[in-house]
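Colleague: Now for the letters of each chain:
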Amino acid sequence: MRIPKARMLSFNASLLACLYGVILCARVSALDPDRRITEFHQKFWSEKDGAPSQINALAQTEDGYLWIGSNFGLVRFDGVKFEEYKPQPGVELPSYSIYDLMATPDGGLWIAFEPTGLGFLKEGALTIFTRPGEMPESPVHCFARDREGRIWAGTESGLALRQGGQWTSIGRDWNLRPEMVRALLVDHAGTLWVATVSRVAYLTRGSKVFKLGGSLGRDVTTLAQAGDGRVWLADDHRWEVRPVPIAKEKSAGELPVVLGKGLRELLFDREGALWITRMDSGVVRIRYPEKLKNRGYAPRDPELESFDREAGFSGGDAYKLLEDREGNIWVGCSNGLIRFSYSQVVRVNLPEGYQNVILLAGENSDLWIGSVSERPLLHLRGDALLAEKGPERLCSVFRASDGEIWWGGRTGIWRQRAEEFKFFPLPALAVPDWIYEIVPSDTQGGLWLRLGDVGFVHFVQGLWDLHDWPEGVPSQGGTFPYGPSASYRDPSQRIWLTYTSGQVCVLDGKHVTIYSQRDGLDVGRIKVIRGRGQHIWLGGELGLVSFSKGYFHKVIGAEGEPFGAVSGIIETPDGGLWLNEMRGIVHVPSAEIRQFLGDPNYSVKYRRFDYLDGLPGAAQMSFTNSTAVETSDGRLWFATDNGLARLDPAHLVRNPVPPPVSIVSISNERGHQPLSPTLRFAAGTRAIEIDYAALSLAMPERVVFRYKLEGLDTDWQNVGTRRQAYFTHLGPGPYRFRVIACNNDGVWNDAGASLDFSILPAFYQTTWFRLLCIAAFLGSFGAFYQLRLRHVGRQFKIRLEERTRAEKKFRGLLEAAPEAVVVVNQQGSIVLINAQVERLFGYRRDELLGQGIEILIPPRYRGDHSSHRSHYFVAPKVREMGAGLELFGLRKDGTEFPVEISLSPLETDEGMVVSSAIRDITERKRAEQALRQSEAELLEAQRLTRTCSWKHDLASGRVTVSPEAFRIFGVEPEEDGSKAEFWFDRIHPEDRKRVCEHFQRCEIEKIDYQAEYRIVLPDGTIRYQHSVGRPVLNGSGEVIEFIGTAVDITERRGAEQERERLREAQAALAHINRVSMMGELSASLAHELNQPIGAAITSADACLRWLTRDPPDLERARAAVMRIEKDGTRAAQIIHRLRSFYKKGTPPQRELLDVNEVASEMVTLLRSEANRCAVSMRTKLAAELPKIRADRVQLQQVFMNLMLNAIEAMEEPDGELTIQSQLGQEGELLISVSDTGVGLPAEKAGQIFDAFFTTKRQGSGMGLTITRSILEAHGGRLWVTANAGTGVTFHFTLPTEVEPQV
Amino acid sequence: MKSTDIATVFVIDDDAGVRQSIQDLLESVDLRCEVFATAHDFLHSQRANGPGCLVLDVRMPGMGGLDVQRKLAEAGIKIPIIFITGHGDIPMTVKAMKLGAVEFLTKPFREQDLLDAIQQALERDRAIRDQQREIDDLQKRYRILTAREREVMSLLVFGMLNKQIASELGASESTVKIHRGHLIQKMQAGSLAELVTMADKLKLATSK
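Chains as they are written, first to last, in the numbering used here: chain F, -10 to 1291; chain A, 102 to 309.
Keep in mind that the hints were calculated from the coordinates and are not lab data.
Only a predicted model underlies this, so the values are computations on that prediction, with no experimental measurement involved.
Don't take each hint at face value.
With a Cα cut of at most 30 Å, we get these calculated DSBU-like pairs of lysine-lysine [what the hints assert, rightly or not]:
(1) K302/A - K75/F
(2) K264/A - K37/F
(3) K697/F - K111/F
(4) K250/F - K196/A
(5) K264/A - K302/A
(6) K250/F - K278/A
(7) K287/A - K264/A
Each pair of labels, with its calculated beta carbon distance range [claimed, not checked]:
(8) S273/A - S665/F: 42 to 52 Å
(9) D142/A - S1149/F: 20 to 30 Å
(10) K32/F - E235/A: 49 to 59 Å
(11) D168/A - A1271/F: 52 to 62 Å
(12) A639/F - S273/A: 39 to 49 Å
(13) G291/A - A1108/F: 50 to 60 Å
Note that beta-carbon positions come from the ideal geometry of N, C-alpha and C, so glycine has one too.
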């Protein structure tokens, strides 16, 4: 585990801060009384940051932690994280409400619980006192600890003293009235002060008699000691804060501060300022309370600063005050916790609109602030901010050697003499633009002004010369696209001009030198040039360079890093350098600068001031030529993109308090382990996590740490601000974790904190286990050697076996042949057979070898066979045996079977042999038989269906037909039907031409043929026929013939005409259904129409109002009229859609439709009805569905029926209706309409499509019947399924294929 | 004044035409108006608790107007509601008015009726808010009382004397007096009578 680089850098930055701190002599941190309360850095933690609310008590213990007692528990804070305090196991808090806390120098913390109970927390162990005697008789309100270390408690009934673990009431024997104590204080002299409800009394060191501090108001809330030793009180009855009047002392006559009600707590900080919390009014601070002498403060006294809600106080009610050891002031509030700490940088509030400013230091510690906006020039003198009349929109400034100041603006140049301004406008001929830069042209007051991007104009004695150009300066273009960005006149009167392109041009009289990157000038666009004496600094986008002895040297930080973009440079009289840099204000002390000037390779140490130091934003990078100046009082001013910042180098403060370091927790894989000096982790622990903290509360963000795990690390690890260490892969053994930290100013606590722990070894990490491992290794090596020997032997055996197997392969091939092979010699004896023979004929091999071949032939063929065999040997060749004859084989069991035999002669050493391959063809014979059977059946089927088949050979014009053709056409089978004309002539004369032409077209286009026509039988009867055919192509793609069938459809035609009449009846019924549906919907449809009409009327009203306004707003009126037009159109569309529903759609007209479109239309139409029934409608429509051919109105009706059914089924509110469309597996459209309604009882599922069946109170029972018949007429289907949850889904399909032609 | 403090008329209607026309009408009389297409949008807009009133369509897909009214009531948001509907029936109107609707308008409505109803609703809202602010203020003061002071206060407003309270709490009478002084001061009550009124507003009187 190593530290990431980013952390290294942040660490190193702090290290530099540390070195820097040593270099710079600074005052100790505290809240400077000369600053306003709003100029301190203040931070607020609310509940959302983890802080408790309703804070009653605050205390800082010796280890540096801040303890917070609230109504809701005790919380510990390390500046970063709030942790609720939980006592050690077995101890319970008497209550979660804390009344008061007090830290003791021995590291303890006293806790007063409300309503009763005391606690003392030390070294992580909490002791609770609840028994009588262990705690005072009545509830404790406050604590005090005197110089002798005695603990006093102010209780509800009087003062109590803790002696020997017991509490004693302090009463009249000590000259103290036993009454409720409100506040206790031990002052610097060791005197104990007690404020009761009626008086303040005090007990000097060693005395046992209280003295009266004066009879007082009834409601003293607190006591505090001022820097001069006097004790002050706050009296919330009289609403005043004042010193306790001691009888016979002068102060008795002093006037109090009167503040108003709600006084809670007083605190004098180490600078002597008085802080006061007020219940409802935030925090009040009095910078110089000693100035009070005999003078009363009115509530609006300017010396009395109030940080209340108006000023940004968001704590709610302020209760408790604490100054920590670093001098920060903490305020416990009802809404959280506030810290006031010193910030090095102070934001200067400017009026609104001053975003891009230009700064100029005046003569008497005053500052001039110009702005590029249309805002007047400001003059800051002391605390007063004055606006000058006149100069505005300024972007450059130049102080001439004669003390005159020139301000470059947008339209001209202003001359400032003391506080007098004179404006010289640009001549009318010039293009108006910004004057970006002002350069002296001579020593007599002439000026070169850089005007916009045009270039220079010359301005001498109030006169303009637009065409004069500084001699030798490169003109625009090329490497100098713009004019100079900054300029400087050095003591030897040379003029330096810098360019945004990165070059520098030096004019020495008429001599011009140009420097560029080659000369080490490596800062990108140059933004600023400043010098004092002979050394010159240039700042640009890539950092800072210095010029000396003809060469530029880049300034590099101590870690080798260059600076970021620099827009302002201040060189202080001591030679130190301040930069307005991209990431903050950078200070390089003079000693570092001297080192650098002596050795340009020296890396400078520096300090950066950023938001943590109070810087309001990043450096202003805009085009003004002065963003950082030093006023004559030594204060520095920087322009940022979020306002003006001020820094006083003479008053930089330093936090000298090294932060106490503590280890918070340690954990391993099993979670947190209690911290103890002898911490041991079990064997097998590999990962350890340690949380630690350093208690610097001023700026915890800058606290950095180093740690070292002794036993693992040899060096310190720089871990930056990380507050956790994590170690993995730890072996067994003892470890010591050490951590040290430094505060925000690099002050290290080198003692730090440490923690010892050890990890016990696991059995496998012990020595005897390792020895055992070595023995085991040797043993297994021996075993491996044995195994290797055995393996080699086995390989040898395998090789041998392979050789034997190859020999077997040939015989295997013969045996594996699919056919039975019998080899016969010239004598007709069997010499070789394979296994197939044994299987086929049922003989064993030894039964056949040597036998005559005739044993395998049925006896009736044997005679012929022997003569055939003799003939074969005369002219042996490869051939089939017994061509054209049926051959049979004879099995051993005497059965015969059909065979096919092929013969091949084979010349061998023993003379000619014949090899015969024998195939069993029983199966083939059986198939032939089946084919004959099916042909007969086809003929029968053709007869029954009155279908004939035909084949038309195009080349010859010959036609072959099945016998059924003769029967269909009523001609005798004997007639010659082989000519095509024979058949075409029998087609009805009116149809003949059409059919012939169609046939010819199919022939040419090589497409399927299909025709319906009438034929005339010889007896004059007319019958209807439907014929289809398919072209048959030859290899070259020409049609050689058509084959097809023709069916007599006369009977079918009659049925179709019947169906047509039924369809008409259905259409009429469907219309009735539509009209009745519309009736049911009338209320919803009225609402649907009402919407656009109502909207139109309202728009018309609005329009009238826009028109009658004074002046009339025609634009808004026009918009209203356009809405009226839109709403009117909408109403018309609704009516149009309805009208088609009322129309009688006879006959149904099929057109190509998009189902999704129809579905969406219906959703729109039924929207109101769905709303009325609190049903929401959803569609899940598949994109790019093919169109279907259907009747639009009927399809709408299908949707409407199903959707209305669904809506009515959902009586409960929040029903959901879903319409889904998708493409089915066979290319048909699948549409479903589902509801979340009551569902369908199983016993009724079968009936719903029946006519006159209904489950509704009002319903004809025709809806679903009609829907189904519409869908079936379109070739679709309708069915219903129950949903997995509630309700049902109706599904229907619609075919997508286009209707067949002709 | 922050922009969120200006009273706003929130219009919820699923019909874009109706929505726009009402918005335009309200803007023509310089009322600040925000429109929502669904009740859901409105309830999640963080504006539900801002000052103003609600113009609500009764019938909408998903959550209807009466559901919105119920939801707001459950969430303790007391924004006055004006219902508009295409076809109001009497039972629905009665139900809505019982739940505190300001007005129930049937579309198409006269614009003056809507504007009158909105004026009435905004006044009602202002009154509710003033009242709420006072109670918030009291609750804030009450929160800073200690547990003991709260006990004393509840007994005090119940009409008990210091002596009785002391015996009830087992404390001394002087202690009770101190608590009493503190709590009257913290509650910023001018008199015991005022404290009783405050307790009543905080609904403490019933705690014993």
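Colleague: Now, for every hint given, state plainly whether the structure supports it.
Modeller: To see whether the hints hold, each was checked on the structure:
The straight-line distance between the Cα atoms of K302/A and K75/F is roughly 38 Å, outside the 30 Å bound, and the hint therefore fails. Taking the CA atoms of K264/A and K37/F, the gap is about 44 Å. The hint is violated against a cut of 30 Å. With a C-alpha separation of about 28 Å, the suggested pairing of K697/F with K111/F holds against the 30 Å cut-off. Of the pairs offered as hints, the one joining K250/F and K196/A is violated, with about 51 Å between alpha carbons and a cut-off of 30 Å exceeded.
For the suggested pair K264/A and K302/A, the alpha carbons sit about 26 Å apart, so the restraint of at most 30 Å is met. At most 30 Å may separate the alpha-carbon atoms for a hinted pair to count; K250/F and K278/A meet this at roughly 19 Å. In summary, the hint linking K287/A to K264/A is supported, as the alpha carbons are separated by about 22 Å, within the 30 Å threshold. Roughly 47 Å separates the CB atoms of S273/A and S665/F, a value that falls within the hinted 42 to 52 Å.
Checked against the given bound of 20 to 30 Å, the beta carbons of D142/A and S1149/F, roughly 23 Å apart, stay inside it. For K32/F and E235/A, the Cβ-Cβ distance of about 33 Å falls outside the hinted range of 49 to 59 Å, so the restraint is violated. Checking the proposed 52 to 62 Å range against D168/A and A1271/F shows it is violated: the Cβ atoms sit about 29 Å from each other. At roughly 59 Å, the beta carbons of A639/F and S273/A sit outside the given window of 39 to 49 Å.
For G291/A paired with A1108/F, a C-beta distance near 56 Å keeps the hint of 50 to 60 Å intact.
Hints 1, 2, 4, 10, 11 and 12, counting from the list given before, are not met by this structure.
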